[in-house]
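K.L.:
Using the sequences and the accompanying hints, generate a full structural model.
Those sequence lines, one after another, are chains A and B.
Residue numbers for the first sequence follow this note's numbering, beginning at 2 and rising by one.
Residue numbers for the second sequence follow this note's numbering, beginning at 2 and rising by one.
Read the hints as simulated data drawn from the structure, not as lab findings.
The model shown is predicted, which means the values in this text are computed figures rather than measured ones.
Careful, some of the hints might be misleading.
Same chains, same names: a pair is fine if it fits in one copy or spans any two.
Said to hold, decoys possible - Here are the computed lysine to any residue pairs in the SDA-like style, where the Cα-Cα straight-line distance is at most 25 Å:
(1) K35 with A67
(2) K35 with A93
(3) K35 with Q95
Number of protein chains: 2
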Amino acid sequence: MNEPRLILYELAGSDPQLRFSPHCWKIRMALAHKGLQADRRPWRFTDKEAIAFSGQGLVPVLIDGAHVVSDSWRIALHLEERFADRPPLFGAPQAAAVARFVNSWADTTLLPAIARLILLDIHNILDEKDRDYFRATREQRYGNTLEQVVQDQQVHLDRLRHTLTPLRHLLGGQAFLGGQQPNYADYCVFGMFMWARCTSNVALLATDDTVHAWRERLLDLFDGLARQAPHHKAVPELPDA
Amino acid sequence: MNEPRLILYELAGSDPQLRFSPHCWKIRMALAHKGLQADRRPWRFTDKEAIAFSGQGLVPVLIDGAHVVSDSWRIALHLEERFADRPPLFGAPQAAAVARFVNSWADTTLLPAIARLILLDIHNILDEKDRDYFRATREQRYGNTLEQVVQDQQVHLDRLRHTLTPLRHLLGGQAFLGGQQPNYADYCVFGMFMWARCTSNVALLATDDTVHAWRERLLDLFDGLARQAPHHKAVPELPDA
Numbered sequence: 002m003n004e005p006r007l008i009l010y011e012l013a014g015s016d017p018q019l020r021f022s023p024h025c026w027k028i029r030m031a032l033a034h035k036g037l038q039a040d041r042r043p044w045r046f047t048d049k050e051a052i053a054f055s056g057q058g059l060v061p062v063l064i065d066g067a068h069v070v071s072d073s074w075r076i077a078l079h080l081e082e083r084f085a086d087r088p089p090l091f092g093a094p095q096a097a098a099v100a101r102f103v104n105s106w107a108d109t110t111l112l113p114a115i116a117r118l119i120l121l122d123i124h125n126i127l128d129e130k131d132r133d134y135f136r137a138t139r140e141q142r143y144g145n146t147l148e149q150v151v152q153d154q155q156v157h158l159d160r161l162r163h164t165l166t167p168l169r170h171l172l173g174g175q176a177f178l179g180g181q182q183p184n185y186a187d188y189c190v191f192g193m194f195m196w197a198r199c200t201s202n203v204a205l206l207a208t209d210d211t212v213h214a215w216r217e218r219l220l221d222l223f224d225g226l227a228r229q230a231p232h233h234k235a236v237p238e239l240p241d242a
Numbered sequence: 002m003n004e005p006r007l008i009l010y011e012l013a014g015s016d017p018q019l020r021f022s023p024h025c026w027k028i029r030m031a032l033a034h035k036g037l038q039a040d041r042r043p044w045r046f047t048d049k050e051a052i053a054f055s056g057q058g059l060v061p062v063l064i065d066g067a068h069v070v071s072d073s074w075r076i077a078l079h080l081e082e083r084f085a086d087r088p089p090l091f092g093a094p095q096a097a098a099v100a101r102f103v104n105s106w107a108d109t110t111l112l113p114a115i116a117r118l119i120l121l122d123i124h125n126i127l128d129e130k131d132r133d134y135f136r137a138t139r140e141q142r143y144g145n146t147l148e149q150v151v152q153d154q155q156v157h158l159d160r161l162r163h164t165l166t167p168l169r170h171l172l173g174g175q176a177f178l179g180g181q182q183p184n185y186a187d188y189c190v191f192g193m194f195m196w197a198r199c200t201s202n203v204a205l206l207a208t209d210d211t212v213h214a215w216r217e218r219l220l221d222l223f224d225g226l227a228r229q230a231p232h233h234k235a236v237p238e239l240p241d242a
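P.N.:
Below, the structure is given as structure tokens:
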């Protein structure tokens, strides 16, 4: 098969190279897992018309020839089916159903717990034209100012670390959610940590947490793809903080 | 293959037919999934010597010929390997690793949330000889009396229903954790609901909750195996409450 031509729309900050969406990171890792390259195009929250062709207004959006696929879960299933001869994202087709629970847990439990720590930081790395949109939609969702949402950082940090209990428990028995090797279940969770890494200085994990060691293993994958990705402030003295 | 002779030790209440352990229920469903029968022996918390042969003090314990296996996760893996020609518990071998996250979530997130609602009810269905042991160990664990632990029922109910968010989210897209058909991932979660059903009258789920509909489907499996199992008080006017 010739190398397919893939286009991926990813959420970007004011720095167009800063790609911080947790859902886009799931797909970024999935593409690397399959050994695929994509033309990764920056997109901002307010660029609704730029992806109107997808019939909705959120990224990631993947263009694969005649196929336009949105929603990270559907993109992962598309990649698995279209590139079935490449390393499987789910280990086996029957495993996708259960992996979807990990994705649901990441989206509905982990994401809100991390949001409480980084929401204001996200605002601050956005392109000027996105900031009002972001503040207005999020402040309506939370019924509070961004500044108020992220108050009491220690409380939110304790809650996040408690939220990670099932992952920590699992990692006592195996190296990855996927078992001995990482798979899409790992990327569903790791995307949330990349969201924070790209936008914020908050240290989400204690260094002696098994979840920290797992995150390090994910940062090392694919020749350090995620570790080397631009984040909000590449201060030399704090490269991996 | 001749029918194997399996012996399963299960936690029982003062009524020896009342088998209420969440972890034993995982295995009960797994055996039915594989079309296996076991000689199911009642065991009480204080019968430590009765299972000393297993090298530890908790049920379930499975005896399968020369194999003695404890810990529900290890028993499930044993059944999957030993009876590989029967319906798979994990869909595919590669799916077991991810299903283990569901098990970790059930054990570390769901179980504590349900415990806050039924701990005193559990105490009340126990055999007389187990009650002091149960009260002492649980009150030490919680640093409070059983009566205090289950106070504020509405608060704990709200928390439980919030805890179920990722499962509810998943069930918006598929019928079971296993996909179109249930598998061991479903039983890991369902065991927690059987624990409550066997010991308590508390209505954990609103009837319009998709999790309620999923639980009904699980209760119907294997000719109503779980639905027909003895629970704490088979009051005719409230058979499925």
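K.L.:
So, for every hint listed, does it hold in this structure?
P.N.:
A quick look at each hint next to the structure:
| no. | hint | in the structure |
| --- | --- | --- |
| 1 | K35 with A67 | within (20 Å within a copy, 44 Å between copies) |
| 2 | K35 with A93 | both (14 Å within a copy, 20 Å between copies) |
| 3 | K35 with Q95 | both (18 Å within a copy, 17 Å between copies) |
Of the numbered hints stated above, none is contradicted by the structure.
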